[in-house]
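Novice: Now for the letters of each chain:
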Amino acid sequence: MAISYEAIRDLTANLYEWSLKKIPEDAKRALETAIASERNETARKVLAMMRQSARRAEESDRFVCSDSGVPVYFIKVGTRAEFSGDVKRAIRDGFARLVETIEPPLLKHVTDPLTNERGHAGKDMPIVSWDMLDGADYIDVTCSPKALGSGRWAELQIMSFPTIQEIEKYILEVVVRSAAQQCPPVTIGVGIGGTFDHCAKLAKTATLRPLGSLNPEPKLAAMEERLTAAINQLGYGPMGTGGDTTALAVHVEYSSGHGFTPVAVCFNCWISRRTRARLYNDGHVERVE
Amino acid sequence: MATTHHLTLPVDEARVRSLALGDLVFVDGDIVMTAGLPTHRRILEAMDGARELPFPLDGAALFHLGSYSVDRPEGFEILYMNPTTSTRFNPVMPAIIRHFGLRIVCGKGGLDDASAAAMAEVGCVYLSILGGGAALHSDAIRQVIAVGWTDLVSHYRLVKLRVEGLGPLTVEIDSSGNNGYAIRQNTAQDRLALLLNDVDT
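If you're matching them up, the sequences are chains A and B in order. Everything in the first sequence is counted per the numbering used here, starting at 505 for the first residue and increasing by one. Everything in the second sequence is counted per the numbering used here, starting at 3 for the first residue and increasing by one.
Here chain A stands alone, though its shape is the one from the complex (with noise of 0.2 Å):
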């Protein structure tokens, strides 16, 4: 058996739907946490409603928010996954068929950026990363959409052969530039070293973490509570409006890479929005967030 169109046409719209309508378990969580550890009473308030906020969308299958971003997938081909159709023309149709059907129906967020017209479609979207997994027979979809409210902070700075130091204060001065405009508590993700592409990539990918988990090294580990700690003193907190609760978690990867150290950042807002399946050979779908 192979991987249909319409399963991956069909996988990739729920996907993307189910991520505007319920949040993470572990963001669920991550709010719990928050609300216990907060000192600030009207951050516990806003902290509060967030909850509330998110369990009323998933209760009435509406959206937690309204601007329901682009849609941004990253995909995991198993080596040996088998396709009977078109795999990115599966995409785009799933995409376009979410467009006509889904209730409520989604604003106009797609942009040309020459024009600046809105629509719901437009060059290169759906936006897919794509890479492999050696002996899966079958494909791990991640559907994270990315909206303007936490898009447009994240900044990539090259340096050459920064220390440790050096490259937590680039970190820290991005989020203080920008000044908590993206819906915290945020997760925010890290980047360090590669090339410019790559480095974006594993920022943006750090934020799809599990929330919470800390990096398997010991170093980034240590950079990752330094860091959540630092950010939870600048007094941000829940929507920027004071509090201790500004980052639900750092999450830092790295890649070797030349002299030259590329080190993106970049931002998830409080809903967290990610949602993962695996379509398998045989058709049947898999749920992993």
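Since the hints were made in silico from the structure, they are not lab data. Heads up, the beta-carbon is just placed ideally off N, CA and C, and yes, glycines get one too. Take the hints with a grain of salt, since some may be wrong.
Claimed, not checked - No more than 30 Å apart at the CA atoms, straight line, and that leaves these computed lysine-lysine pairs for DSSO-like:
| no. | chain 1 | residue 1 | chain 2 | residue 2 |
| --- | --- | --- | --- | --- |
| 1 | A | K580 | A | K627 |
| 2 | A | K532 | A | K650 |
| 3 | A | K705 | A | K549 |
| 4 | A | K612 | B | K162 |
| 5 | B | K162 | A | K673 |
| 6 | A | K650 | A | K673 |
| 7 | A | K525 | A | K612 |
| 8 | B | K162 | A | K705 |
| 9 | A | K532 | A | K549 |
| 10 | A | K627 | A | K549 |
| 11 | A | K525 | B | K162 |
| 12 | A | K592 | A | K705 |
As the list claims (entries may be wrong) - Which chain A residues face chain B? A few, computed with CB under 7 Å, are given here:
| no. | residue |
| --- | --- |
| 13 | P608 |
| 14 | L611 |
| 15 | K612 |
| 16 | R622 |
| 17 | R681 |
| 18 | A683 |
| 19 | Q737 |
The hints should help you fit chain B onto chain A, whose structure is shown.
Specialist: Just chain B now, kept in the frame of chain A:
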């Protein structure tokens, strides 16, 4: 201790000036909303007499909310609404606040000190509303009063809406020139300097 206020719109200047930084607010009554920069540009054109407003904005509560509006035979319906980042409108807000004597601006992310100065002059506050609160905010919708500039994409339209119990919202810029966002940004910069000193030593 933050005070909780229940405001019925329209509000007068004295009531607005009684709101302090950090207070919680629930709103009943008519609000005006849009999430579009092109919409704000049209409002500026209307101020110059180059364009008609779909409805008056004098003393209004302007919410930076995007909404999905659909035109039904019985009238417009709003399917959902949720805030956008107000700082995108920093360059145009002081003039709009002064011209119409706005009483409330609401959104997420705040406004700069030029807007705070305009608010202090006319008697206006900035309220923060939860981002990612579409289901909660939409539950407060009672009636669509008017939908203007329907040639724009839905979230850019200028919509007048009756709400009940919208909130809690928090007062983040009061009408005495206190800007919570500016205060916190200064604090964050000071703390960052301290953190970096610790790193260096």
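Novice: Now look at each hint and say whether the structure bears it out.
Specialist: Going down the list of hints, with the structure as the test:
Restraint check: the Cα-Cα separation between K580 of chain A and K627 of chain A comes to about 22 Å, which is no more than 30 Å; the hinted pair holds. In summary, the hint linking K532 of chain A to K650 of chain A is supported, as the alpha carbons are separated by about 19 Å, within the 30 Å threshold. In summary, the hint linking K705 of chain A to K549 of chain A is not supported, as the alpha carbons are separated by about 35 Å, beyond the 30 Å threshold. Between K612 of chain A and K162 of chain B, the direct Cα distance comes to roughly 21 Å. Compliance with the 30 Å bound is thereby established for this hinted pair.
Simply put, K162 of chain B and K673 of chain A have alpha-carbon atoms about 46 Å apart, too far for the 30 Å limit, and the pair is violated. A hinted pair counts as satisfied when its Cα atoms are at most 30 Å apart, and K650 of chain A with K673 of chain A qualifies at roughly 26 Å. Annotation: proposed proximity of K525 of chain A to K612 of chain A holds, straight-line Cα distance about 17 Å (limit 30 Å). This hinted pair does not check out: K162 of chain B and K705 of chain A have alpha carbons roughly 42 Å apart, beyond 30 Å.
Taken as a hint, the K532 of chain A and K549 of chain A pair is honoured in the structure, with Cα atoms around 15 Å apart against an allowance of 30 Å. For the proposed pair K627 of chain A and K549 of chain A, the alpha carbon gap of about 42 Å is over 30 Å, so the pair is violated. Taking the CA atoms of K525 of chain A and K162 of chain B, the gap is near 26 Å; set against the 30 Å cutoff, the hint holds. Restraint check for K592 of chain A and K705 of chain A: the C-alpha separation of about 20 Å stays at or below 30 Å, so the hint holds.
Taking 7 Å as the C-beta cut-off, the interface hint given for P608 of chain A holds, the closest approach to chain B being about 4 Å. Residue-level restraint check for L611 of chain A holds (minimum Cβ-Cβ distance to chain B is 5 Å; threshold 7 Å). The restraint placing K612 of chain A at the interface with chain B holds, with a minimum CB-CB distance near 5 Å, inside the 7 Å limit. Look at R622 of chain A: its Cβ gets to within about 5 Å of chain B, closer than 7 Å, so that hint holds up.
Against a cut-off of 7 Å between C-beta atoms, the interface hint on R681 of chain A is violated, since the closest Cβ of chain B lies about 10 Å away. Annotation: interface hint on A683 of chain A holds; nearest CB of chain B at approximately 5 Å, less than 7 Å. This hint holds: Q737 of chain A has a C-beta 6 Å from the nearest C-beta of chain B, less than the 7 Å allowed.
Taken one by one, the earlier hints fail for this structure at numbers 3, 5, 8, 10, 17, listed in ascending order.
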